[in-house]
Structure formats: C-alpha cells, structure tokens
Amino acid sequence: MDAATPRSRTEITGGAHTPRKHDSAHKHVTGSADYIDDMAEPAGTLHGYLGLAERAHARITAIDLDPVRAAKGVVAVLTAVDVPGSLDISSNGSGDEPMFATETALFHGQPVFAVVAETRELARRAAKKAVISYEDLPHVTDVRAAMEAEYPLVTEPLKLERGDIEAGLAAAPRRLKGEMRIGGQDHFYLEGHIALAIPGEDDEVTVWSSTQHPSEVQHIVAHALGTVSNAVTVQVRRMGGGFGGKETQSNLFAAIAAIAAKKLNRAVKIRPDRDDDMIITGKRHDFLVEYDIGFDDNGVIHAVDASFAARCGFSSDLSGPVTDRALFHADNCYFYKDVRLVSKPMMTNTVSNTAFRGFGGPQGMLGGERMIEEIAYALGRDPLEIRKANFYGQGDDPEGRNLTPYHQKVEDNIIGRIVEDLEASSDYQARRAEIIEFNRNSPVIRRGIALTPVKFGISFTATWFNQAGALVHVYQDGSIHLNHGGTEMGQGLNTKVAQVLAEEFQVDLDTIRITATTTGKVPNTSATAASSGTDLNGMAAANAAQQIKTRLVAFASEKFNIPEDQVAFEPNHVRVGNELLPFGDFIKLAYQARIQLSAAGFYKTPDIHWNRATGKGRPFYYYAYGAAVSEVSIDTLTGEYQVDRVDVLHDAGKSLNPALDIGQIEGAFVQGMGWLTTEELWWDDKGRLRTHAPSTYKIPLASDRPKIFNVKLAEWAENREPTIRRSKAVGEPPFMLPISVLEALGMAVASIADYQVSPRLDAPATPERVLMAVERLKAMVSETEISGEDGADA
Amino acid sequence: MTQSHRKSIRFRLNDQTVELSNIAPDQTLLDWLRLDRRLTGTKEGCAEGDCGACTVLVGRIDSGLLTYETVNACIRLTTSLDATHVVTVEYLNRPDGALSAVQQAMVDNHGSQCGFCTPGIVASLHALWLAEPNPSEADIERQLQGNLCRCTGYEPIVKAAVDAAKTIPSADNDRLVAAYDATTQALLEFADGTGAIIEHDSGTTFVPANVDDLAEIYATHPEATIVAGSTDVGLWVTKHMRDISPVIHVGHLEELKQIKIDETGIMLGAGVSYTSARGALVSVFPQMAELWDRIGGEQVRNMGTVGGNIANGSPIGDTPPPLIALGATVTLRKGETRRSMPLEEFFIDYGKQDRQPGEFVESIFVPPLAEDVFYAVYKISKRRDEDISALCGAFHLDTDADGVVTSARIAFGGMAGTPKRAPRTEAALIGQPWSWETVQAARAVLAEDYQPLTDWRASAEYRMLTAQNLLIRFFLETCGAPARIERHPALAEV
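Protein chains in written order, with the numbering used here: chain W, 1 to 794; chain D, 1 to 494.
In short, the hints are calculated from the structure, not lab data.
Each hint should be verified, as a subset may be incorrect.
As the list claims (entries may be wrong) - Quick list of in silico lysine-lysine cross-link-like pairs, DSS-like style, CA-CA up to 27 Å:
{"no.": "1", "chain 1": "W", "residue 1": "707", "chain 2": "D", "residue 2": "166"}
{"no.": "2", "chain 1": "W", "residue 1": "72", "chain 2": "D", "residue 2": "166"}
{"no.": "3", "chain 1": "W", "residue 1": "27", "chain 2": "W", "residue 2": "521"}
{"no.": "4", "chain 1": "D", "residue 1": "159", "chain 2": "W", "residue 2": "654"}
{"no.": "5", "chain 1": "W", "residue 1": "263", "chain 2": "W", "residue 2": "72"}
{"no.": "6", "chain 1": "W", "residue 1": "707", "chain 2": "D", "residue 2": "159"}
Said to hold, decoys possible - So the derived label-pair ranges between C-beta atoms look like this:
{"no.": "7", "chain 1": "W", "residue 1": "429", "chain 2": "D", "residue 2": "136", "range": "30 to 38 Å"}
{"no.": "8", "chain 1": "D", "residue 1": "455", "chain 2": "W", "residue 2": "177", "range": "31 to 39 Å"}
{"no.": "9", "chain 1": "W", "residue 1": "523", "chain 2": "D", "residue 2": "97", "range": "56 to 64 Å"}
We treat Cβ as the ideally placed atom computed from N, Cα and C, and that holds for glycine.
Please work from the sequences and hints to get the whole structure.
This is how it looks when you write it as structure tokens:
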C-alpha cells in the first residue's frame, strides 16, 4: 500500500459504550418512520373489526349477526365456526383462551365475532349492529372477591420456601401482619395493536404485526389456519411502544386478520380503537399481598410468610410466570432467614392480564418494601436503616446471608455501594432532617422523602427462552445488513445491536443497515421481553460477526501469506501485516476469493437452571441494581401531591449506550411512578372497565415528572458475568425505582401521627387514597392534636 | 337564504391550496390527512383529543394577524378549516430540507424512543418555538399538557424545547415564517365574506358567513349540530359514531369571538376559545389562572370554547363554577330574539339546559369583582393537568368592616348532575364572622347542598370531604396562609 493511503481514524463512530442517538430518531421527528398503519396498503385491502361481549360473565344464548352482514360495506363476518384451525390463541398452549367466545362470555369486552368491511369505519359501524342474547351468571372482578367466591386458579401456584417458617415467626422478638393492595396498569403504548395480513399462494400468509414476539404470532397464526409455521411469515419494523403489552396480546389480532385474509384472498388490516384496545387486551396484574413478618428490635427480619394473590383475568396467559416473578422479587435486596412465599393466580371475570415491564417483579418487590416500611414505623426508625440492616451479604457470606428464597446465591451484590453513593450524593440525611422540621411547622402541606433500592433478576425464568439468533450479511461494497430476532419498540435495541456489530467489524455505525424483524430471516426467536433484548441479540449478532471475521482472517492470512495474528480489524480498515486496507476494498477481495460473507449467529445464556417443582435453582444469570431518593409534597386537605425531586443511581453494567440507558431509566421511572400514583383501573358493578381511554386513565404528563430529576449511571459498575461487553439489561429494573415515590408519599402522610403509625398507603396512591390515608391517621391521633395541627391559628 | 354561499371550502395544506366541495360533515382532519392525502406522519393515538399524537398546526387570521395554534386533528372536523393553513409534521423541517430547530433538538436530546408520539410533540413544540422566544419550564409543560409520551419520561423533551429556543425563528430556518405574508394574503383571499354550504352523500355542512347568517340557518335547521371547537362533538363522531348532520360551524365567526372589557365587566362571545379568553379573564380575575391552564391540554384550549363548555351542560364543566360564583349571565339567541339569564339557571338538570330548538348561546357576561372581596377557584383531579375535574369549586365572599360575611356565592362542578350553587352553605356563612368556627359550621352544611356520586374519578366520600376541605383552604388563603402545592409558584402572578 502506498504512502497516500489514509491512516485509519483512531476510533469508529458509534461503537460500543458511546451515547449514540436512536437509529430512527431522524425519521421519528420528521414523521417518516413508518408504523404498520402508515404502510401503503395492498390494492383491495379490507378492514376487520371486533364485536365484543357486553356481559362480565354470561351464557351466550343467541348471536344474531344478520344485521351486521346487512350493514353497508360488509364483506364477511367471522365467528368461531369460521376458524379453520385451532380456536385457541393462548401463549402457553393451555387451550384456555378462545379467539372468539362461543357458549360463555368470561369478561366484559371478550371478542365474540369479527366483521370485515371495505373501510375501517364501515367495519366499526357494522360491529355495533350485532344482537347478542345472554343469560347472566355471577361474576367477580376483584382478587379478594375471587378468593371469597372460591374461584379457581388459572394456573399452578408457586411456593418458595426455606428454613422453618413457623418456628422462625414464633421465635422472632416482634411480629406483625398486614396486607397491601397493588393496582394494575394499562400499557398505554401510544401505537395501539394492529395487524395487516397479506395472503400468499398455497397456504402462505405474511402478517405485519405490532408484536414483541414474532415467532409466537407465527406459531399462533399457523395453528389458527390449520397449517404449519413455514407457511407464515411475521414481520415488524418497529412498534410505537410495547412494554410487554405486545408480547402475547398481538396473537388475537394477527390470527383473525390472517384467517380473514386467507378466506377472502384479500389483504386484511385490523386496528382497534384505543378504547377497544384497552378493553380487549390484558394489563399488569393487580395484587393483594398478605404478610406475616417476624423481626427484632434492630429491625432485622427473621421470618417472612407472605402470599401474593393476583387478578389474572379469565385465562392463564402469562400469569404463571408473572406471579412466579413476583415471588422471585419479594425479597428485593433483603435476606429472609426463614421464608415462605406463595402465589395465588386467581381467575376473575376481567380481561386476561399479561406481561408488563417488570412482569410481576414490581408487585413482589413492592410487597417486600411494604414489609420494610411496616417494621420501620413499628420501631420508629427511618426505613433506610431497616433496609441496610437487611441487605444481602456479599460474595461468600460466611453467615449465609446471601441465599435467596429460591436458593440462588446472590454473588454480584453491589447494593451497599449504590445506596451509600446515592445517600451521599443526594444529601439524603440532611434533607430528611430538614423535611421533618418543615412538617412540624406546616399544618396543610407535608413533605416526605424515601430512598429505596432495587435488585432485579435478569433472564427468562422459562430457561429455553434464553436464546437468540441474528443474521448478518456483508455485501461486496462493504455495507452490512443486520437482522436479529429482537423487536424494536423504542428501547433502542436496534441501535445497540448495530453498535455491537460496528465494534466487532470496526466500521462506522452508518455502515450498518438495520432491517425489519422477520421470522423468515431469524427463526424461533424469543419475545423481546424480560429486559433481555440486548443481552441475547447483541451476543447473537456478535457471534455472526465473529464467524465472518474468522473466515476473513483465514482468507487474509492465506492471500497475503502472513500469520493470522497479523490480521486486525481497525477503524474502517483491515490491517494485513503492515498494510492498511479500507474495509470495503478488503471485502471486495474476499468476495472475489469466494469467501462466504454471511452468517447466522446464535447465543444461549449459560449457567442458568430452574426447577419449579422444588422451587430451587439459578433462574437468573445476574442481577441489575439501582436506587432512588424521592421527595414529595402532599396537601393534607385534598390529597393532591407533587414529586419535588428525584435522584437515581442505577447499574447498567458497562453501558453499551449511556444515552439510551439514561433514557430507559428516566422513562421507566416516570412510567413506574404513574403505576403507583395516578394510573387507576376502575371496574363498575357490572364488571365493565370504565377507565379505558386517556380521558379516564391518567398516565403521567410532562408536568408530573419530578421537578428536579437527577439520573446517573453507576459508572464504576461492570457485569461480573461475560455478558455483551459487560453491560447489563436496563429495560425493566429501573421501573421499580419509583417505589421511593410511594414511600415518600407515605412518609408525608405518616407525619400526621408523628411517624409512629405505618401509613399503609396502597397503590395507586391517587390523591383520594392519600387523603383517606391522612384521614385514617388523623382519626388515630387525639382530638387536641388534630386541632393543634389544623387549627384556626394556622 | 339571504346570504349567498360557496359550495366548497378552501384552505392551505402545507404548501398547497386545497378546495373541497364533496366532504362529509363528520370527516375528521386526521383521517382525511392519513387516508386521503397519505400524510401519515400525523398519528392516531386515542381519537379523543387526549394524547396529542395527532397534533397539527392550524394557522388562522386573528385580528388581522396570522396565528398558528396546535389542534388535535383526530377530533377536528375537516369542514371547519375554511380559510386556514393546516401544517403537518411533514412540512415542519427547514426550507432547505434540514431538520427544524425543534426537530434537531429532539434528536440531540434523545427526545424520541418509540417515536409514535413524536410528530405530535414536534408540532406542539414548534408552535411554542414560533410564539415564545424564551419559554419557561412552566410554558413548556403547559404546551405539552396535551401530548402523552409513554417512553421518555419527558425529561429529554423538555430539554429539547429549551434547546430549540436558542434558535430564533426566521425566514431562513422556518417555512411558516418565510411564507408568512404570502399565507396571510392567501387566507384573506379565502375569507371572502361568503359562507359555504357543503353537500355530501352523508349530509350537509353549513359554514355561515356571519352570525346573522348563523341565526337564519339555525332557525331553518333547528335539528343541526352546532360545532365550535369540536372538542365535544368530535368524540360524538369518533367514539359514539353518532350522526351529527347537518353541521353548522361557528368557530370561525368573528362576531362570536368578540371580547369586550369595560368597567361593567367582560363580555365573551360564545366562540371565544379558552386560549383567547385567557388573557382577558386572567387579567381581571387572576384567581382563575391556575384553573384556566388546567382545562384540557393546549390543543383543546385552542379549539374548545367557553360557550361550548356551557352550552353542552357537562356536570363537571370547568368554566361554569367560577363564572357562576362571579354572577355571570348567559345570552341566548334564536333568529333575532335574545334573552339572558343567570348562568346557574341555564343548567336545569343532568344533560338538560334551558335552550330551545334553534336557540344558541351567543355570549357570556361576567361582572367584575368588587374591591376587597375574596374570590378563589379550585380544581381537583386525579392527575393535575389535562384531566376532567373530580370536583371544581369556586368561592366568592364579601365581608364588612367587622369581618362579618355580607354575601357568599359558592358553586361546585362534579358534585351534582349540573354545576350548582350551595345555597344552604352560603346561608350558613352570611351574617356570621369570617372565622374558623364559622367555616367549621358551614363545612358541615355542604353535605346538605350536595349528594355527589361515586365514579372512576372519585368516590362520593372523597368528593364531599374535599369540597368541605376546600372551604378550609379558602379560609386559610384569605388569612394569608399557604394552603396548596404550586408547581410553578410564579404562574399565579400573571
């Protein structure tokens, strides 16, 4: 190579550990990022719409769809008898989730039929014309009511047990019992569910689906059509948010669109209106947690006996693994010496609840944090002191205080350092003292502060899901095509995986084109869920790159007659001995030498196992940690509140992309805060969900975000396991940081009774719940104290 | 008909002139953009004006000046756009094709994740960027009240708004500024003083030329749906699929947009939007500022009207309680006949107003506050902003030199089937010293005035307790004691 050859830059643009923007950011802001409803429709596309049951629990005595068929623009009406294959769309193959209700309606809003018409509006109008007759049966929507009515469990419960719980409770110096109600949550992804099915030849069909789990949609569509998976291709370029709501809930829309498309031999699109989307699809599980805890005067927990009952809805869906994960996180960062945790996945006449960021973990962890809070108020101590007294031990703790209720050792514990750093950087102690002083002199407005930690287990507990594939092509001109099994829903997965690939090949990020996820390129994928997207797909992409690089190195060694260790991938170049070839030029040579420039990568998470029957194993490859300090003000006359300040320190390992990781943390925090504050699902006595649109279901706004919001990554953190470039998953763990908001609200409430009574603030802590908690505490303190606090001298 | 009418409406869509002569009265702007024009950058998130994914800019001539406002395309009727300039996200980049200041700041600050809300957020922030060179955090939050984002937690979006403000809008970096005079000219030419009647298979739309034309059309078609901002009627279309034909648009009528302030009070035309009314009302009644900025989101305030809020008679309308407490009157018109009544008398029962067929709300008159009276307005909702009130209370009280209450007007929304005064509580206050003891006694009497309901916004128990506590808040505030949380305390000082 002559002297004029430009030297390589010292770094590529967009490699690992750099804060790159989202790959679609430019398209997002110009409105040119296509979601499925934006795609040009094939000629003759028809539109489907669903007709819903209007009873919470009833026998269906007659269905008259003639008025629907007669409506303007209607092409076809589909019911259960029109399904050529299996009617069951359950993600777990349990057969308990029919696409259409037939004899019995199990929840208000259950699909009964679909209508297909020339336009979406005509289909919507036609769907309203059905005449369905019912014979009402008793229904329950509430967890407690379901238990009292002895409703069945939707799936096998789980028990985690260690030590002798009866003896542990009996021997503990102090003991208390209580219960907590934890509300569910709608995903409120901004893009609702949608499926566009395009019929092909023979039994083939292509479905564009807003799904986090294309392989499952493929599987369900094949079953519904009575065919096999190789006839079905499922594609998704991006979703307008998922949060778990599109893990299994896309099955329904995709299956019906596909059936209609094959039946009519025309493309069929189904997109429910927002209200219907919220009525038809599952949500985060509501929980009722009952606890009996033994502890000592130092606040050290001796024994925990707790049950976690969940509102699962009419079918099992993911309720088994969700309630399992609740138990896996009921310990959060704390060692329970003697422990028994049981799940109660209750059937209810409500929509079948499903995955939602954290997947039961948040509810389990919140139950655990309630126990800490109870102990703290019982002892008149700062809950933070109780937390520290119960943290898991580190490494090979000689006292064995590092064993979880599921018998996995906590080996990577860094919560002590995280909390210590945050306590100092947020000036927690001084602020807490100042707040207590403020409350003494403020009759109406009260403030609270809380520091809560998070430890979240990473891996699917269904061990076989912990695998991924990627397909990488390097073209003759040196441009690279990337495809992997993960789906992009805003989290920046594609950007991160492309960064991994750029780093592997040492090429600038814009050399790599990210393409739509399709079951035709990478088969048998797992849901993009459980925070696993980057861990799994990043590794698979790296594996594909390494396969290609291995071939390229062997080629260069042979062609240039040098040892393989003298071939190196340098920024946008390949070094061959003393020569530096531009990457594109080098690839051209390899192509001409007939080197295979494409590879299918694969990865499976090592070292994990789980035996559900015994409740023992190592379900998690590692843990992600974090902590937050939240400060709030409440109005004790109305229950209104605001979040004044939040400080977060979070562990993303060695972050692949600090900008995107901070974005995940901020977003998860505000979403979790919504879950615990203003987002309330409300069913009426007829079993109708009445909060099914943004007018009635209130997710946080810009003006709800913490007024001061300091978010930092623990820059010293590094995954002790050999994950992709030692990073850690970041999708779900920060969702639980705003437990600190709920507890800070609780402290403000507790000020009413001088912090001597546990506020027992249930979630969501709407202004109403805050006010009622204030009232409860006011009633508990003496009459004279009340007039002293709220008196006319104010 | 006295007035001659065009058979089409004309407006600008981005850089094109559009003339529509065959369009349904219930055609939403969003569906028209997406399905007819294939402008798919504007998204449907909720189809009820709450999420803002469909936000577009609509420019209109207001007092001779071209002004751009954000609106929700999902509930805006296309036939209401005569003589306006509709601007979608596809047209917000710079004249040279580069990203706009807002777009670039959104990219630089990682303001998009899934991207679905982003076009609406870009539209909202673009309108703010054009209007406010130095936005405060409160301004930004207020502008974003009608834009939901589920991914980012908003922090980077607020930062982007701050960043964008560092670039000053000019003809070089903004198409709307560059074409300002030409667009103004075009819109003035469209607004030729004639109205329009649009016939379509599915029904008729009337765009009256002026208020007399409106009176004549409505008298002839008393079955028609009067549409001002369509923040209510839009939902009848998108959610209830109700047939609203024939439609009579009133939102464009200059006479109904009149605001007159003099020593006798404020007269608001029925077509005055919340945004337009804000300046006048808040300058006279600064106590209304907080409530006003918490009605809907910015898009809804730009579209919705005080007249519509009253005419539709919602039991929880946010404007009636403060207006009733002030002693406002409403004027109705049918043909050439007008009548006026105290606002509280207009609300007869749940869903029933004292409005005859063919009669429409023409104006609202609000008398000024006497000196040294106490007046306060409180809105309580599950979420602070862009939420329908669980309850909304207004207190208006006068005392004599001895501190004895001489008059009291208390009105609540959300506590009954209509916005309603509290006569027994008022009676319990009048003649008593304005003291803690009096307030405690009156507080109990509120339970005789109202029997609120339980629903998803609040339980009956919470509504009553909070209403009673608001009386305490009012008392404390009249004593100068701080008694509420203010996110941006400066906002109250308008």
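Checked hints:
1. About 22 Å separates the Cα atoms of residue 707 of chain W and residue 166 of chain D, which keeps this hinted pair within 27 Å; it holds.
2. For the given pair, residue 72 of chain W sits about 54 Å from residue 166 of chain D by alpha-carbon distance, which is inconsistent with the 27 Å threshold.
3. A hinted pair counts as satisfied when its Cα atoms are at most 27 Å apart, and residue 27 of chain W with residue 521 of chain W qualifies at roughly 24 Å.
4. In summary, the hint linking residue 159 of chain D to residue 654 of chain W is supported, as the alpha carbons are separated by about 26 Å, within the 27 Å threshold.
5. In summary, the hint linking residue 263 of chain W to residue 72 of chain W is supported, as the alpha carbons are separated by about 20 Å, within the 27 Å threshold.
6. For the hint linking residue 707 of chain W to residue 159 of chain D, the alpha-carbon distance of about 13 Å falls within 27 Å, and the restraint holds.
7. With their beta carbons about 32 Å apart, residue 429 of chain W and residue 136 of chain D fall inside the hinted range of 30 to 38 Å.
8. A hinted range of 31 to 39 Å for the beta carbons of residue 455 of chain D and residue 177 of chain W is consistent with their spacing of about 33 Å.
9. Between residue 523 of chain W and residue 97 of chain D the CB atoms are about 40 Å apart, so this pair departs from the stated range of 56 to 64 Å.
In the structure shown, a violation is registered for the earlier hints numbered 2, 9, in ascending order.
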